[in-house]
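J.: Quick mapping for you: the protein sequence lines, in order, are chains H and U. So the first sequence is numbered by our numbering: it starts at 1 and just counts up by one. So the second sequence is numbered by our numbering: it starts at 1 and just counts up by one.
Don't read these hints as lab results, they were simulated from the structure. Careful: at least some of the hints might be erroneous.
As the list claims (entries may be wrong) - The calculated DSS-like cross-link candidates involving lysine-lysine, where the alpha carbons are at most 30 Å apart (straight line), are: (1) Lys482/H / Lys187/U; (2) Lys112/U / Lys524/H; (3) Lys231/H / Lys668/H; (4) Lys187/U / Lys107/U; (5) Lys201/U / Lys125/U; (6) Lys116/U / Lys524/H; (7) Lys146/U / Lys156/U; (8) Lys156/U / Lys570/H; (9) Lys524/H / Lys62/U; (10) Lys112/U / Lys484/H; (11) Lys201/U / Lys524/H; (12) Lys570/H / Lys201/U; (13) Lys201/U / Lys486/H; (14) Lys527/H / Lys205/H; (15) Lys107/U / Lys231/H; (16) Lys125/U / Lys30/H.
Said to hold, decoys possible - Output of the computed footprint for chain H on chain U, the stretches with three or more beta carbons under 8 Å from beta carbons of chain H: (17) 53-64; (18) 80-94; (19) 190-196; (20) 204-211.
To be verified - DEER-style ranges, computed between Cβ atoms: (21) Gly264/H / Gln80/U: 57 to 63 Å; (22) Asn94/H / Gln80/U: 25 to 31 Å; (23) Phe706/H / Ala109/U: 29 to 35 Å.
Backbone N, C-alpha and C fix where the C-beta goes; we use that ideal spot for every residue, glycine too.
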Amino acid sequence: MTKAIRFYIVLSCIYIAKTASCQTLIGIVKDDIGIPVFAANIYLNSDPQSGCISDFEGNFQLLISSPKESDTLICSFIGMKTYRLPVQDLPKTNPLHITMHYLSSELSTVVVEANRPISEQFAITRMDMIDDVYTNPIAQADPLKAIAILPASTTTDETANIVLRGSDANRSTVLLNEVPISNPVRASNLSNQGFFSLFNPEVIKSQYVYASNPPLIYGNTSGGLVEIQTKESAPDDSRLSLGLSNMGGLLARSNKRQTRLFQGYGNIQYSPAFVAIQRDKLPDITSFLTVDAGVNFFFKVSPCISFNTYNYYLNETFNGISHSFNYRGTTHSERIRMITVNNLRFRSPSNKLLLSLNNGVSIDERSIRFGNILTNDDLDEVFNSVNLKWFSLPQLTIQTGINHQRQNLSYRDSISSNFYGVRPEDPANFVTGSILNEFLETFIFTNWVMNDQYNFSFGARWNPGLLGSDNYSSSQISLRYKSKKKYSALLSVGKYHNYQTTNPFVRDFSLLSSRQSALDVDWKSEKNEYKFAVYYKNEKGSQFTEELFLPVEKTNTVGLELLVRHQLDKFLLFSFSNSFIRQKQLISGKFYPGNNDLTYLAKVTSQYNNPELFTASLVYVARPGRWYTPIIGSVFRENLNSYDPVFSQELFVSQYSSYNRVDLSLSKFIPLGSGNAIFFVSINNIFNQKNERKIQYNQDYTTSFFDLYSLRTIYFGAVWDLQ
Amino acid sequence: MFRSIFYLAVILIFFFHLTCSSKAEEAGVSHLAGIQKITNDTLLDNAQKKIYDSFINSIVSKTASPLEELQGSLEELYQQHQLNIIQYWRGYLQYYLAIYHLKSGAKNASEKEVDKGITLIDGMKRKNSEDYALLAHLESFSTQFKGIKAATIAGKIQRHGKLAISMDSTNLRGYYVLGSSDFYTPKKFGGGKMVEKHLTKAIQLPAQTVENGFLPSWGKEESYELLIKYYIREEKWEEAVKYYQEGIALFPNNYQLSSLASKLVGK
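Looking at chain U on its own, in the form it has when it is part of the complex (with noise of 0.2 Å):
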């Protein structure tokens, strides 16, 4: 009996401690998660997808206040902690509130927008790879609106495009910009000569070294819809369809990307 008590009492404490210890890991866990919960409720997190849905929110509604909302909302965020990446964000939305107002024909507001996310991200200190690379994005879009000075223009999307690869040489983001710049640039004005380079090398890059939310990923799909757009325009058949094939695998859902499917149909 007293063995079979010994037995007993061996296995009860055992599962005890397995359970105590399920409990410690559920509540480490939970406290982990706590902190990712917290984490997780901040706008930050994700901030490049809330940015994009409100974006599109605008868009399906016809009305900037998604978009204005979310700003106001960085722009409190920023006051609390003055964060370089807060402002990454912010400067990264005014670039989908000019596309929002370029849409809707508001060329101004376009301008006045691209150019406000400019001076956010100009104005940061320390600037590191990811905001060169958004602050030559913004200065690309802004050419458009820019006449005379876009050749100015140009020369500062070079500079700080080359800056951000200079920094981290797998920044994807980096190598689009320039790729993209260079794609838009008319032929005349020496365009076109380096997007196949910029571009195929963006997207032999991972978005992200080490996946984080919080940290900007975008580019990728970019890359393959702005290549795919260069083959095409320079009727590279095999190699629009190839890369239009590898892109679309890894990004199905991708609306620009599966649209270029018309340009290649027999091809």
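Here chain H stands alone, though its shape is the one from the complex (with noise of 0.2 Å):
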């Protein structure tokens, strides 16, 4: 019997050994929303190679053999967080229900484009430097240039200054890494026109530009805005440039775990051969002389962590002839500037925060002499602002902040006594004098992705009038529609305000305000592309005409456009654009045309770009003259020796003749050494068209003549790559 019993105990523990060892894992895997995964994998930690696969319904059955409690069953699927359950937890009998959670890929998006503004949906236009800015012979491989050859682009002056939609210059913001900059431009004269931009386009990452209601993100802008972002990560770089007037050099380097990118650059910009070989087409250029340098330093101390600075030096100098009414004389002007722009972001763990610190600090020494005016001015702002992006849910983005601002102007003016005295001996007053503008904003702006079509955005920025500034709000809805055939639609709404950049005739930091509204509609197939919009804007604040500086009480602005864009074969593109602008400022009760008045702003442009043989750019714009008051005569006044202008009675009625201009770029790659060099040579005005810019008189005013814009102009250089 106990042998029996032995035998008996001996074969129910193999047995039960046996069975015991075995287990059947039946369960179902599913997402959050309850959709059934399929293929996600199911096994054990400790024999990976042994798992199983979920079907279309998401269920799956797992063998395990001889489990150990120590072990953990592990789901994964790709995108998805991986799931994991101890052995110990599993249930004996009922089917195990997995739920598997999506790792948020719009977050992930936000991990390698962290600067990417949620307001990107609402731009007009995302520039990129290659095809806008390098290879177009208008923009002359300037950033801020590039942007006139859109049609949103109604700047007729052939500056770099900002100028949508109709909007005056000193209402577009131009905003570096989210700080604002103020006169972005350089080779200015006394309008604050300038004549490049401040920006290096090898920096730049991104370029938006928002042709009009500007997303309230950023404040002090009543016209459009223009946002760029410099570079994160580059390849290192070596590059010499030397041109005809310009010399020029760029360093970029970066560590291996590409958490680190330093960029200099420097230029020498100067006048004896540009001008040497053209000195009939460049009647008005003397000399120049010109010396910048940046330093862009992106650092990610942490994968939450970042920070960013950019530092810019400009030192410039201008000799030249300038005209005014009835004199023309020798112009000289002087520039320092410096600017350090330096961004602190901090991105939170589970990516549904991100904060940035943002500040700016500005410097910026002019002086300019014309004739009986001498203007030295010094502008100093600093910026600070702290921004918060809030991804509460994946349709749903908030982002709200807080700005100080702080701008402080010290004066020391000649000026003439009356606007058209300009000559060295005719009576000035001197002036001298500071101003200060500092303002505190906050702002909120939401965007809520209502489904696949529709994007919805709501803006509001307020001013409460603390440190003895204004108190007003701005505010602003828009609403995107896309559809899944590639054409969408941007109604935008909203009201702005900024303050305006002073200049020598006018040292004041005035409130602007603007109502916009405006329609875009565009649409793209594989080789076209068509934008049509249609805006209107009322603006208003202390500004004044640019010729008699009268003050303008409202300007009022209807317009039109129209973009077509081909791609006729695999290496040319063709584009045609045209805006109608029909804009009247309202000037002592009646209104007058503006200096957007235009019929028509046509731009044409066709590109070729075949990297094996050579790149070619041809642009062709035109537009109506603009309006100005004529000088019917003159009253001579005896004690100063000099003559009064007696203007029309109607002011605004004639209208210089219209303006063509037709400009060629070309450009080829060559491999030079160990790396590479680009040859390039451009032609401005190639029909030397004479454009009038502005009417000029003899001394009595008894004869007119025009100041002409661009003659034909020759330029050429190479850029060489090192490395």
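Build the complex: two chains, separate frames, hints provided.
T.: Set out below in structure tokens:
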């Protein structure tokens, strides 16, 4: 009996051990909204090769042999957070229900492009440095000048100043890494018209243009907005450039892990060669010398913290000839500009929050001498802001923040007593003083992705009137519609405020406001792009006409834009745009044509880009002449031995002749040494069209002639990429 | 006698249970196999290999029919189950359709097919690391047709490749597409600087973290091939030979890899 019992016990143990070592786990895998997950891997951590895969309904059966309580069941699928469950917690009888959660791809996008604005989908245009800046002759490799080719750009003065949809340049803002940069141009004249911007395209990662209804994430703009972001990564690069009037270099280095980027550049622009070979085409330029340098440094301190600093220095002098009414004489200007923009960004580990601390300091010292005008001003600006982006839900993003800006202008001016009497011997007033503009604003901006097609945003900004500033509020709403057939529409309405920048004739940080509404429609196919826009602006604030310094009570602008872009073949791109702008300004109770009152503004471009051969761009711009008030006579003043002009009773009744200009640029890549070189030549105004810029008179105003825009000029040079 | 009968009964019971257990296991296994069988019969099991085999059949038969048939089947499957993984394989098939047409000299058709693939993947919601890697791969292939737009597309490739890596730093396909894009970017446009870094990273990573016949595993062989080509181009023969030996050991049947041997003779 004893033997039998022992025998039976042994058999039983073998049986129990055998059956107990195998277990079949049945279960189902679904995502967080109950949809079955197909092809998920289910396995034990100790034996990943013996797992199973879920079917279309999410069902699975996993055979587990010899499960250990210390082991872990794992369920994984790409793009989803891995599910883990200790074996000891596995259900003994009921099926196992596994819920998988998506790793948010939207937030991962933020990880890679943490600075990508949530208002990006409301931008009219995102500009590409290669397509839109380097290969566009109008741009002359300048990022702000490149905006001139957009149909929304209504600049009429061949400068880099931002004039968008009829709004004066001092209503629009340029931001660098969320910090406003005032007067972002160089080679400026008395009216702050600059011929180039302060920015180097090599340090720019992205450039967004908001032609109207700028997002209220940023303040101090009542026209449009240009948002520039610097690079956070770039391949190592060493580059030298040499041109007819330019010599420069660029150095870019990053570490192996791409957590640090250093970019440094410097340029010297000089006049002798440029002027000597085409002196008759540049009658108003005697000499210029500009030295500028910039450093951009990005440092990813940790996966969640990054720091960027951009620093820029400019020193320029200009000697030339200028004209005003009946005086033609030498002009001399000097400028020193220093800018630093610093950003510290924090991202929460969950990727739901982005906090940025932004700081900007600018020192701008200028002096201009022309006739009896001598201005010296020093504008010191400090800007600080704290911005918070909260990705509260996949469909809802909220951004809020607070910013403080302080602008301190001190000036010592000798200004002509009469705006038309600028001869050295004409009477002038000496004025000295300083003005301070300081304000605090807070804002909220929300973006709601309603569904696949509709996207709604609301923004509000408030200045409570602290620090002696004005009390005002701005607000906006926007609705974007995107169809599945590459067609989208954007409707925006809002009210905006900004403080205008000063110039020697207007020493005042007065508050400007604007009510705007705009509808933008665009449609893209494989080879074509069509854009249409209609907009209305009602602008108020203390502004003056350019010529006669008459106070403008308000400006109404209605505009229509049309753009057609067609890729003719693999290498050839053609575009045509036209704008119709009806602009009226209210002066002393009566409406007159504004600076941007244009029955047409046509821009035609064609680009041929064949890397094996060459790149060529041809641009044609045409518009009617601007309106001006003619001088119909004069009165001699014996005591001053000068003539006072007599203006026409009716303002803005004469029109300059139509403006037409054709620019051509050619470039060619050639391997050179261990690197490569790009040779380029550009001819501006190739038909030497005499486009009238401003009317001028002889001493007694009996004869008139016209100051012209750029005549035909040639520029050539090369950029050598050493690495 | 009673004792003998008792022992016999115990033994019979023991083996009966074992047999039943075995049968239960077999039933379980067959049930599991049943599920697997159902799953295995779906188009998606080893979809990558099926697509590649169809591509080879198309090349051999000089007709796109094998690929187009598979294309139609995947489309029907997607209509039944709107799953991203099906869209992924549809996009992957478009890539091979584009290659087939290019090899046949039909550039327009090739461009059309790769653009279709891009549209399929780009239109997916909640794209994951694999989806972005494939999207960048398709965009990279498309640049040869885009002429003036190539520079703009290069920016998209970079962005999508980086997204693939940021979402899953162990996805070798993300590194492959970035390395491949840089390899094919002419030096005069700044190409060739990151090839080595991305492709050496790619070959260090496993094709799949956990083996799964329904999910992509491409990219490792291609990474080896391109890395060796890069070293040949740069005349870094030692590295070229080293990675050739490594690659051919792992993938002895890979035609593209083995064809590089002739360039390394004597080096």
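J.: Would you check the hint for lysine 201/U and lysine 486/H, treating anything up to 30 Å between C-alpha atoms as holding?
T.: This hinted pair is violated, its Cα atoms lying about 37 Å apart.
J.: Does lysine 484/H lie within 30 Å of lysine 112/U when you go C-alpha to C-alpha?
T.: holds (18 Å)
J.: Lysine 570/H and lysine 201/U were given as a pair; does the straight-line alpha-carbon distance stay at or below 30 Å?
T.: violated (34 Å)
J.: Is lysine 524/H within 30 Å of lysine 62/U, Cα to Cα?
T.: violated (35 Å)
J.: Lysine 146/U and lysine 156/U were given as a pair; does the straight-line alpha-carbon distance stay at or below 30 Å?
T.: holds (13 Å)
J.: Mind checking the hinted window 25 to 31 Å against the Cβ distance between asparagine 94/H and glutamine 80/U?
T.: holds (29 Å)
J.: Hint check: lysine 231/H vs lysine 668/H, CA-CA at most 30 Å. Holds or violated?
T.: holds (26 Å)
J.: Count the residues of the segment 53-64 of chain U with a beta-carbon closer than 8 Å to any beta-carbon of chain H: does the count reach three?
T.: Since 0 is below three, the answer is violated.
J.: Given the proposed pairing of lysine 116/U with lysine 524/H, does the C-alpha separation stay at or below 30 Å?
T.: holds (15 Å)
J.: Quickly compare the C-alpha distance for lysine 112/U and lysine 524/H to 30 Å and report which way the hint goes.
T.: holds (16 Å)
J.: Can you confirm whether chain H covers the segment 204-211 of chain U, using C-beta to C-beta distances below 8 Å and requiring at least three such residues?
T.: Our answer is that it holds, as 3 residues pass the Cβ test (under 8 Å) against chain H, meeting three.
J.: CA of lysine 201/U to CA of lysine 524/H, is that 30 Å or under?
T.: Roughly 38 Å separates the two Cα atoms, so the pair is violated.
Hint violations for this structure: numbers 1, 9, 11, 12, 13, 15, 17 and 23, all remaining hints satisfied.
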